[in-house]
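Enquirer: Residue strings, one per chain:
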Amino acid sequence: MTHKRTIGTLWVVLLALTLLSAYMAERADTSFISASIMAIVLAIKGRIIVDHFMELKKAHIVLRTLMRTYFYVIPSLIIIVYLFPEQIAKWTML
Amino acid sequence: MNALASSYVSQTKPTSEQLNFVVKKANIPGSIAIWFAILAEMSEFAIMFIVYFLAKVHNPELFHEGPTRLSTLAGTTNTLVMLTSSFFVVRAVIATRTNKPKQSANWLWGAVACGVIYLIIKAFEYHWNTTQGLATETNIFYGVYYYVTFNHFLHVGWGSAGLIWVIYRINTGIYTSNEHEGLINMAVYWHMIDLAWITIFPLLYVIR
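Residue numbers (this note's numbering), protein chains in the order written: chain A, 1 to 94; chain B, 1 to 208.
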């Protein structure tokens, strides 16, 4: 696959993942499964942009790791906050 | 001994070419300076996301109801527009690398058009919110929503202006297929704006 075609394919994948999230937004309340799917969708979208659009896939390890970590942390927070809202609220009470 | 090491030995200030040599060797797209800016901005957005999570756990009802009153259509369309703009920017970089400056400028005009469409949709969305009686002081969900999305709105605004500046630079013939650091700097900065939005979208519009 040429580079141009890869980028084009990834763009279509990003659009499709966005439409999946939008469908879920309209459909029902957030369940554990839907929260997990949204977190995974965000992780995949972030990784595609970091690796292929910003071209960090083969870039310096520190930069690549910092940018990739962002899209492990935020999706994980989505799931953690979904699972343990009361505990987090208790710990962060002023 | 490489060029930078020799400048240290002779205790002279390294020239920008010597520093660029080091950056290329370290395999960093664009300049180091733009990555400081990007990491600073990503940290700023990360703080806003942490505020969102904390406000959410302390106000579960408001954050459950909040997204249902926002326009999912506006949020989704703007996500599609931002992703498309990023795709256009990648195509502009590919065009410059293959020595097609005219094509490169055209792809960037496409990205600018996406930026403008984004801003127009967002303005309509804010107007629509106002007609629904939603404002920053309605409750903490909308306070967070306006703070985060307006901050992002500003980024798209000045990012679009930056893209126009790079188009001007392309038209002056300053970039070659090998040397086009300014274009790469703008490209990675624009992708950062996109990354912020793809995170904002599920948090504020989708998850309840």
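It should be emphasised that the hints constitute simulated quantities derived from the structure, not laboratory data. Honestly, I wouldn't trust all of these hints.
[To be verified] Footprint (simulated), chain B over chain A, 3 or more residues, beta carbon under 8 Å:
1. 4-16
2. 43-51
3. 55-64
4. 75-84
[Claimed, not checked] Dumping the calculated DSS-like pairs for lysine-lysine here, alpha-carbon to alpha-carbon at most 30 Å:
5. A:K57 x A:K4
6. B:K102 x A:K4
7. B:K13 x A:K4
8. B:K102 x A:K57
9. A:K58 x B:K102
10. A:K58 x B:K100
11. B:K122 x A:K58
12. A:K4 x A:K90
[Said to hold, decoys possible] If the Cβ cut is set under 8 Å, some of the chain A residues that face chain B in the computed set are:
13. E26
14. M38
15. Y70
16. A89
All residues carry an ideal CB built from backbone N, CA and C; glycine is no exception.
Enquirer: If you test the structure against every hint from before, which numbers come out violated?
Expert: Hints 7, 11 and 12 are the ones this structure does not satisfy, whereas the remaining hints hold.
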